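Colleague: Protein chains in written order, with the UniProt record's numbering: chain A, 1 to 83; chain B, 1 to 83.
Check before you lean on any hint, since a few could be wrong.
The list treats identical chains as interchangeable, and a pair is accepted whether it falls inside one copy or across any two copies.
Simulated pairs of lysine-lysine, DSS-like, Cα-Cα distance not exceeding 25 Å [what the hints assert, rightly or not]:
hint	residue 1	residue 2
1	LYS20	LYS63
2	LYS35	LYS20
3	LYS11	LYS41
4	LYS63	LYS35
5	LYS20	LYS41
6	LYS35	LYS11
7	LYS2	LYS41
8	LYS5	LYS35
9	LYS20	LYS2
If you're looking for bench data, these hints aren't it; they were derived computationally from the structure. Source: prediction; values computed, not measured.
There are 2 protein chains.
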Amino acid sequence: MKLVKVHITLKEGVLDPQGKAVQGSLNTLGYDNVKEVRVGKYLELTVHDDANIESEIEDMCNKLLANPVIENYSYTVEEGVAQ
Amino acid sequence: MKLVKVHITLKEGVLDPQGKAVQGSLNTLGYDNVKEVRVGKYLELTVHDDANIESEIEDMCNKLLANPVIENYSYTVEEGVAQ
Numbered sequence: 001m002k003l004v005k006v007h008i009t010l011k012e013g014v015l016d017p018q019g020k021a022v023q024g025s026l027n028t029l030g031y032d033n034v035k036e037v038r039v040g041k042y043l044e045l046t047v048h049d050d051a052n053i054e055s056e057i058e059d060m061c062n063k064l065l066a067n068p069v070i071e072n073y074s075y076t077v078e079e080g081v082a083q
Numbered sequence: 001m002k003l004v005k006v007h008i009t010l011k012e013g014v015l016d017p018q019g020k021a022v023q024g025s026l027n028t029l030g031y032d033n034v035k036e037v038r039v040g041k042y043l044e045l046t047v048h049d050d051a052n053i054e055s056e057i058e059d060m061c062n063k064l065l066a067n068p069v070i071e072n073y074s075y076t077v078e079e080g081v082a083q
């Protein structure tokens, strides 16, 4: 089994109202040194070993996990728990 | 400026219906080798330099960014863009 860690972030220039809200809340709580917050997604996929796992992950990201119009994704494949 | 990357994940044993839904969708799309999906959050904070930035980040996570009852968090502090 492999552990695939996927990061999905908004592209630069895309407005991030959720990040703005988090930043506002942090500033209200007194953390004035926080200048920007961007919120993304982080997924951990447990996947059976496969020869072309990397191209499959890219397919999954483009089709379902990310919106390639406004989001970037990156991933790492790690050795997972043996089963 | 520092770039703080925060990962927030559900603790082990906590049900993740969002992850289950993503897994179901992936399987429906034909990716049968995906055995588990866990969905977390990923935040990038741009923060002014500060002597005790690490303890501040932990405070922020415990107070606002994560729910320490059901979520774990981890973070890295990197050198950000000079301003």
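Colleague: Next step is simple, just say for each hint if it's right about the structure.
Modeller: Going down the list of hints, with the structure as the test:
| no. | hint | in the structure |
| --- | --- | --- |
| 1 | LYS20 <-> LYS63 | between (28 Å within a copy, 17 Å between copies) |
| 2 | LYS35 <-> LYS20 | within (10 Å within a copy, 35 Å between copies) |
| 3 | LYS11 <-> LYS41 | both (13 Å within a copy, 16 Å between copies) |
| 4 | LYS63 <-> LYS35 | between (33 Å within a copy, 18 Å between copies) |
| 5 | LYS20 <-> LYS41 | both (16 Å within a copy, 15 Å between copies) |
| 6 | LYS35 <-> LYS11 | within (18 Å within a copy, 29 Å between copies) |
| 7 | LYS2 <-> LYS41 | both (20 Å within a copy, 21 Å between copies) |
| 8 | LYS5 <-> LYS35 | between (27 Å within a copy, 14 Å between copies) |
| 9 | LYS20 <-> LYS2 | between (35 Å within a copy, 18 Å between copies) |
Of the numbered hints given earlier, the model fails none.
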